[in-house]
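The task is to assemble the complex, starting from two chains supplied on their own in separate frames and drawing on the hints.
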Amino acid sequence: GAGVSQSPRYKVAKRGQDVALRCDPISGHVSLFWYQQALGQGPEFLTYFQNEAQLDKSGLPSDRFFAERPEGSVSTLKIQRTQQEDSAVYLCASSPDPTVLSSYEQYFGPGTRLTVT
Amino acid sequence: KQEVTQIPAALSVPEGENLVLNCSFTDSAIYNLQWFRQDPGKGLTSLLLIQSSQREQTSGRLNASLDKSSGRSTLYIAASQPGDSATYLCAVPRNTGKLIFGQGTTLQVKP
Chain A
1 GAGVSQSPRY
11 KVAKRGQDVA
21 LRCDPISGHV
31 SLFWYQQALG
41 QGPEFLTYFQ
51 NEAQLDKSGL
61 PSDRFFAERP
71 EGSVSTLKIQ
81 RTQQEDSAVY
91 LCASSPDPTV
101 LSSYEQYFGP
111 GTRLTVT
Chain B
1 KQEVTQIPAA
11 LSVPEGENLV
21 LNCSFTDSAI
31 YNLQWFRQDP
41 GKGLTSLLLI
51 QSSQREQTSG
61 RLNASLDKSS
71 GRSTLYIAAS
81 QPGDSATYLC
91 AVPRNTGKLI
101 FGQGTTLQVK
111 P
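Sequence lines, in order, name chains A and B.
Numbering follows this note's numbering, with no gaps: position 53 of the first sequence is 53.
Numbering follows this note's numbering, with no gaps: position 46 of the second sequence is 46.
Just so you know, these hints were derived from the structure itself, not from any lab.
There's no promise every hint is true.
Claimed, not checked - Derived pair list, reagent style DSS-like, types lysine-lysine, alpha-carbon separation capped at 27 Å: (1) A:K14 / A:K57; (2) A:K11 / A:K57; (3) A:K57 / B:K42; (4) A:K14 / A:K78; (5) B:K42 / B:K110; (6) A:K11 / A:K78; (7) A:K78 / B:K42; (8) B:K1 / B:K68; (9) B:K42 / A:K11; (10) A:K78 / A:K57; (11) A:K14 / B:K42; (12) B:K1 / A:K57.
Bound conformation, chain B alone (with noise of 0.2 Å):
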């Protein structure tokens, strides 16, 4: 059975630090790991996919990365801004395609 689990489950840094949100998964046979963003009273916003046959993805300041064999995966974001202030979710799908999530990482940054 696939679990998927985030740490830290809040985090608060000050305008302008870089900072890494972890994901970590147990069955390694996956076929993608996607990142998402949830604002407060919002749906999920796909932030960075990074297929089983990739190490990373950016996207402007973001980067993920995926170590299938250590079940791993980052998502790192570069100077971060009181706009990024969101939690972020990881998931992993499974055969059919329907997506186990991680229960996500509340990241505040104070300006």
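One chain only, chain A, in its complex shape (with noise of 0.2 Å):
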């Protein structure tokens, strides 16, 4: 079946502009993750749902993140304000089972990467 999709797969965003990424995870799976990829760097968590529950967001860099899953399928992280520093690749996961860790296997999407001038 279909992957991880993300929309849009660039996004170019002036200073202090709003910006909207969107995820559509591989159907029926219950876990769905965002993670920001600096150039060079690995991946790093943004934040977790499970189904359309929010149940970690302790990645998030600041309080003009915000990443809402309200029918528990598709997701949005949404920037507001847009700094120099949010300029990254932003990365989907999703994972069917969140109950069985130690087979427990994401699937990322192509990812957004986003640059802001």
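Pasting the structure below:
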């Protein structure tokens, strides 16, 4: 079936603009994660949803970052008043069963590359 | 706090060579360890997942080992090819499933 999809793939925003990044997880996947990847670095966790509940938002860098998953499927990551340091690739991942962590595999989308000028 | 480190940061080898990528983690209480591949401008592709009860996993020319007691994992690539050129990332999950990543090893295989 279809994998995780993200849109847009590329986004250029002027400093101070608001942006919204979309993630469509694999159908039926309960868990959804957002990560931020700076150039030359590994991805860093931002936030986690189990169905529509946001269970962990400890990685969100500031209150300008907001994520939602209102119906337990599609998720949107919103960044308000973008700053240059927000420039990064934003990755979304989904996973089917959060209860069996030993075999818990995450499937990643292609990412959205955000450039703030 | 779990920290994941990958050495080396970059590696260049001639085609056909066997090679080893290293991953170390500070907290040995892990559920599993996952190896990913990332091509430039692309997302992450899962290569291998080793459960905490396993010692190794194999897929084609790839073999990943796990030694929890020493906090190490290695990814062995046999008979490397130019198409193997990419960044390789290892990651371990925390209780909620969120992944803690290393910074990656960028591999270049020269024809």
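| Numbered hints the structure breaks, given as an ascending list | none
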